[in-house]
Amino acid sequence: DSGVTQTPKHLITATGQRVTLRCSPRSGDLSVYWYQQSLDQGLQFLIQYYNGEERAKGNILERFSAQQFPDLHSELNLSSLELGDSALYFCASSQGHLSSYNEQFFGPGTRLTVL
Amino acid sequence: AQKVTQAQTEISVVEKEDVTLDCVYETRDTTYYLFWYKQPPSGELVFLIRRNSFDEQNEISGRYSWNFQKSTSSFNFTITASQVVDSAVYFCALSEAGRDDKIIFGKGTRLHILP
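So the protein lines, in turn, are chains F and R. Residue numbers for the first sequence, in the numbering used here: 360 to 474. Residue numbers for the second sequence, in the numbering used here: 7 to 121.
The reader is advised that the hints may include incorrect statements.
[Claimed, not checked] Simulated coverage check for chain F against chain R, where a stretch passes if three residues somewhere in it have a Cβ under 8 Å from a Cβ of chain R:
no. : segment
1   : 410-417
2   : 444-456
[Said to hold, decoys possible] Result set (DSS-like, lysine-lysine): computed pairs, CA atoms no more than 30 Å apart in a straight line:
no. : chain 1 : residue 1 : chain 2 : residue 2
3   : R       : Lys-22    : R       : Lys-44
4   : R       : Lys-113   : R       : Lys-44
5   : R       : Lys-9     : R       : Lys-76
6   : R       : Lys-113   : R       : Lys-22
7   : R       : Lys-22    : F       : Lys-416
8   : R       : Lys-9     : R       : Lys-44
9   : F       : Lys-416   : R       : Lys-44
10  : F       : Lys-416   : F       : Lys-368
11  : R       : Lys-76    : F       : Lys-416
12  : R       : Lys-76    : R       : Lys-44
13  : R       : Lys-76    : R       : Lys-113
14  : R       : Lys-9     : R       : Lys-113
15  : R       : Lys-113   : F       : Lys-416
16  : R       : Lys-113   : F       : Lys-368
17  : F       : Lys-368   : R       : Lys-44
Just so you know, these hints were derived from the structure itself, not from any lab. Just so you know, even glycine gets a beta-carbon here, dropped at the ideal spot from N, CA and C.
Required output: the full structure, derived from the provided sequences and hints.
In structure tokens form, the structure reads like this:
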């Protein structure tokens, strides 16, 4: 058990809908990362938050948004869902930035299926 | 532009054999970070190692070792005396200094360890 929790584990929804994925980092970790893994795009970095602030942005669509709350949990909001958004979404956490010799710990992922 | 190439899509070896997973990267930065991740059949992601571009020392952790060579832009991963539990998809990744923790992943190498 990595100590990172993600809910829900599975999510099935229809095109055009909006969903929220939730991540709770390990106790004491300030950085939260979101990744998307799909058959078409492979593993992609979406966004990173550090202590409540957006720190780095990857290939995140404008239809997607995220935030990190004062208690350090994070939510990834996906709206106007398309079939191509079907993927496994991972959350990871670390004590700080990866440039500082920190490890990353991953949650089990949320599998999103858009029908 | 940064890029990570894992030319080996799939490798099969018999248990106890040594196996090397190749990773070649491209970057214009002089400071960058290289990573390896493991994704076993259960689906979770596991962070294995982070290497700073200034540190070309090879790293060994049990049966795992990493060979970083800036001259060939490679960061190869060797498993010695492979075991069935090593069966997984392995991802090599790169992030550039100044881009914080925005990580670019290779497409992964699927490793089968046959009993």
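These are the hints, each one checked on the structure:
Only residues whose C-beta sits within less than 8 Å of a C-beta in chain R count toward coverage, and the segment 410-417 of chain F has 4 of them, enough to reach three; the restraint holds. Here's how the segment 444-456 of chain F fares: 4 of its residues keep a CB closer than 8 Å to some CB of chain R, so the rule of at least three is met and the hint holds. Of the pairs offered as hints, the one joining Lys-22/R and Lys-44/R holds, with about 19 Å between alpha carbons and a cut-off of 30 Å not exceeded. Taken as a hint, the Lys-113/R and Lys-44/R pair is honoured in the structure, with Cα atoms around 12 Å apart against an allowance of 30 Å.
At roughly 15 Å between alpha-carbon atoms, Lys-9/R and Lys-76/R fall within 30 Å of each other, so this suggested pair holds. Taking the CA atoms of Lys-113/R and Lys-22/R, the gap is about 26 Å. The hint holds against a cut of 30 Å. In summary, the hint linking Lys-22/R to Lys-416/F is not supported, as the alpha carbons are separated by about 41 Å, beyond the 30 Å threshold. Pair hint Lys-9/R plus Lys-44/R holds up; C-alpha atoms about 19 Å apart against a cutoff of 30 Å.
Between the alpha carbons of Lys-416/F and Lys-44/R the distance comes to roughly 23 Å, so the proposed pair stays at or under 30 Å and holds. For the hint linking Lys-416/F to Lys-368/F, the alpha-carbon distance of about 24 Å falls within 30 Å, and the restraint holds. Note on Lys-76/R and Lys-416/F: the hinted pairing holds, with a Cα-Cα distance of about 27 Å set against a maximum of 30 Å. Taking the CA atoms of Lys-76/R and Lys-44/R, the gap is about 23 Å. The hint holds against a cut of 30 Å.
Of the supplied pair hints, the one linking Lys-76/R and Lys-113/R holds, its CA atoms being roughly 21 Å apart against a limit of 30 Å. Our distance criterion of 30 Å between C-alpha atoms is met by Lys-9/R and Lys-113/R, whose separation comes to about 11 Å. Proximity of Lys-113/R to Lys-416/F is assessed by CA-CA distance (about 20 Å); at most 30 Å being required, the pair is judged to hold. Only pairs whose Cα atoms come within 30 Å are accepted, and Lys-113/R paired with Lys-368/F is accepted, the gap being roughly 24 Å.
Proximity of Lys-368/F to Lys-44/R is assessed by CA-CA distance (about 20 Å); at most 30 Å being required, the pair is judged to hold.
In this structure, the one hint that does not hold is number 7.
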